[in-house]
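Here is how the chains run, residue by residue.
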Amino acid sequence: MRSSRIIVFLLIALTSASCATVEPWERGRLAQPEMALDVDPLAAELEAHTYFSKEGASGGTGTSGGGCGCN
Amino acid sequence: MNKKNNIHATVQSLLASALALSGLGQKVAAQTLEDEQVNYRYSKYDEDALPDGLVQSGDPARYQIETHQFRLVKSIGDRYSLTFNAVHETMSGSSPWFVLPGANGTPVQILSGATIEDKRDEFRGKLTRLAENGKWSLELGVSDEDDYQAKSLSLAREIENEDKSRTWALSGSISLDDIDPTDALLFDRVESAEKDSFSIYGGLTQVINRDTLLQVGLNVSKHDGFLSDPYKRVFVENTIRNDNRPGSRTQYAASARLRHYLNSVKAALHVNYRYYLDDWSVEAHTLDISWNQKLPSGWRLSPAIRYHSQESASFYSPFFTDSPANGFYSSDYRLATYGALSYRISVNKTINDWDFIVSAELYDSKESLAISGTQFQTSGLVDFSRFTAGFNYRF
Amino acid sequence: MQLGHINIRGKETDTGKMIFRYVLLLAMLPVSAALCAAEAGMQAPDFNLEALQGDGSGTLSDYRGKVVLLDFWASWCGPCRKSLPLYNQMYRELSDENFEIIAINTDEDPADGLKFLERLPVDYLVLQDPGASTPPLYQLKVMPSSYLIGPNGVIQKTFVGFREGEMAAVRSAVEELLNAQ
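Protein chains in written order, with the numbering used here: chain A, -3 to 67; chain B, 12 to 406; chain C, 728 to 908.
Think of the hints as simulated: they come from the structure by calculation, not from any bench. There may be inaccurate statements among the hints.
Stated by the list, open to error - Here are the computed lysine to aspartate or glutamate pairs in the EDC-like style, where the Cα-Cα straight-line distance is at most 16 angstroms:
1. B:K305 to C:E902
2. C:K884 to C:E902
3. B:K162 to B:D235
4. B:K137 to A:E22
5. B:K175 to A:E22
6. B:K175 to A:E19
7. B:K162 to B:D207
8. B:K277 to C:E902
9. C:K809 to B:D364
10. B:K277 to C:D839
11. C:K809 to B:D89
12. B:K146 to B:D89
As the list claims (entries may be wrong) - Computed far set for chain A versus chain C, every beta-carbon distance over 10 angstroms:
13. W21
14. L33
15. P37
16. E41
17. A44
18. S49
Said to hold, decoys possible - Residues on chain C that point at chain A, a partial pick, calculated with CB under 10 angstroms:
19. S802
20. D836
21. V849
22. Y851
23. S872
All of these numbers come straight from a predicted model, not from anything done at the bench. A virtual CB, placed ideally from N, CA and C, is assigned to each residue, including glycine.
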């Protein structure tokens, strides 16, 4: 299936890509709060919960917690 | 089952290799615990009323939810951190009940007559332990509503490589849910049911260059038990029947999250993409893009846009003129083909150890927004607006 | 490698299996060898850097004969919010001794370092190195890191990263060197 090939391609590309070496003292930009994977963890949780309750899809970025009988 | 054994065996070997890697470590434990802090957010969620023509009966003004979120992060020594989460939600309003074929075959939504009033409480506790080359975490959670109780357990492991340019993540979680629908006998609903969920996630975060970070991940979840909506009904061959879905569901979600810093303007671009597929035939693409702009004097402005498109479950239809062969049917709009666009804006002000946050979201869904275009008219698609205000305090 | 397809009935998960096995394969890739930050026993490389606050500059060789704790830090480094005040406290307590702390700020924009010091000021010398000429000399592996240098200019000990619980070890290493004079 086309989409599964895309996933595998991403994995291969990512792990074999010649990424630039970033020295420890060059990590300043990556350390900025705006660069976090989740800038606001509570907002991310609320959004995930809302979209899970109101849409047909869920998941993708980790596992945690139980569900709810969302109406 | 063959498939089950295969996944089980592969997961076991994956866990074993992760554990083996945990033994190999540098002498350097350069990990840091999350800053100690307390966070609070209040949110108000309001669904738009359905257009008059699409509602036959029931209160068209839909759902309203008020949410209080609380989070506490506390370090224990240099190696352990405890995170406590609590959520208190109150919900009221009416909800889609079933759909009837209207005058010219257009689906018409019937909403629940009585206003639903419910509250939900959730508590989670997570213990994180720094390891030589990463971290472990264990989380326990409970969620409690009048008609739904869920207990969950989650275990996660992160492994960083020597120069911290790459982090592997692996996690698994279990949720055991008990469903006891209200007014079961009165409305001929199932009185008591169970649902068990098992989920596993594997991900990789890679530093691409000094400005760019990419995370890719794959999530597989399996649900077994009562997966129908006990409050929804379906019009099938001139009878109204209870929503009836298969007793199991396997979901796959693959995600990619990019973070790119633009030093010249002091802003970070976030691009998140998720591809979703399950064995009910639901397929979805979700793209979320945000711009996180640092401004002088501790301000930050973050506008965002999200596009979601999904294809319907194989047993979804607004109504059925013929009874489906496999006996599964649902007219829950959440399993329909449609697309949704939402716009968010968030403002953050930092003063010393305090952050003050205000954010809002507008969400609009339409059949025609789906990538595949309009297949059929659904009814009951939701539009909502949300407002949030809160603070963080680091101590 | 045959790429299977996800059969929507859920009977076959060739792709799921394949992805899991690929991730497994990658997880087996050997973690590379031990790090090698500037080791104890090496002569501490000299430098000449401008001060972060005000005019002036600093050279390591000026401090030959003293016990020196050289600390590499930046405004974006989380543990630095704890390490700088704790180092400052130690500096004040040992002010009568033959002891100096020299901090090298590696922020690419020194203004960020200055802003950090406005909230958490220190009494000891802080130099700026936005061009990052000194970290490679000291083979810096982790931010922050500090190097304990003896009066003879030789690196005695390296502290990689910072944890509050480590402060006692830093203090006793400094005092041991001071007493050995």
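Now for the hints, and whether the structure bears them out:
Of the pairs offered as hints, the one joining B:K305 and C:E902 is violated, with about 43 angstroms between alpha carbons and a cut-off of 16 angstroms exceeded. Taking the CA atoms of C:K884 and C:E902, the gap is near 13 angstroms; set against the 16 angstroms cutoff, the hint holds. Taking the CA atoms of B:K162 and B:D235, the gap is near 15 angstroms; set against the 16 angstroms cutoff, the hint holds. Taking the CA atoms of B:K137 and A:E22, the gap is near 32 angstroms; set against the 16 angstroms cutoff, the hint is violated.
Among the hinted pairs, B:K175 with A:E22 is consistent with the structure: their alpha-carbon atoms are about 12 angstroms apart, no more than 16 angstroms. As the CA atoms of B:K175 and A:E19 are separated by approximately 10 angstroms, the hinted pair is consistent with the 16 angstroms bound. Between B:K162 and B:D207 the CA atoms are separated by roughly 10 angstroms; this keeps the pair inside 16 angstroms, and the hint holds. About 43 angstroms separates the Cα atoms of B:K277 and C:E902, which puts this hinted pair outside 16 angstroms; it is violated.
Between C:K809 and B:D364, the direct Cα distance comes to roughly 14 angstroms. Compliance with the 16 angstroms bound is thereby established for this hinted pair. For the hint linking B:K277 to C:D839, the alpha-carbon distance of about 13 angstroms falls within 16 angstroms, and the restraint holds. Proximity of C:K809 to B:D89 is assessed by CA-CA distance (about 12 angstroms); at most 16 angstroms being required, the pair is judged to hold. With a C-alpha separation of about 13 angstroms, the suggested pair B:K146 and B:D89 falls inside the 16 angstroms cut-off, and the hint holds.
A beta-carbon of chain C comes within 10 angstroms of the beta-carbon of A:W21; the shortest separation is about 4 angstroms. Against the 10 angstroms criterion, A:L33 stays outside the reach of chain C, whose nearest CB is about 16 angstroms from its own CB. No Cβ of chain C approaches the Cβ of A:P37 within 10 angstroms, the least distance being about 16 angstroms, so the stated non-interface status holds. Against chain C, the non-interface label of A:E41 holds: every CB pair exceeds 10 angstroms, the least being about 22 angstroms.
A cut-off of 10 angstroms between C-beta atoms confirms that A:A44 is not in contact with chain C; the least separation is 22 angstroms. Residue placement check: A:S49 keeps its beta carbon more than 10 angstroms from all beta carbons of chain C (closest about 24 angstroms). With its C-beta approaching chain A no nearer than about 8 angstroms, C:S802 sits inside the 10 angstroms limit, and its interface hint holds. Of the supplied interface hints, the one on C:D836 holds, with its beta-carbon coming within about 9 angstroms of a beta-carbon of chain A, less than 10 angstroms.
Violation of the interface hint for C:V849 is found here, the shortest Cβ-Cβ separation to chain A being roughly 19 angstroms, above the 10 angstroms cut-off. With a cut of 10 angstroms, the hint placing C:Y851 at the interface with chain A is violated, because the nearest CB-to-CB distance is about 20 angstroms. Below 10 angstroms, beta-carbon pairs count as interface contacts, and C:S872 has one with chain A at about 8 angstroms; its hint therefore holds.
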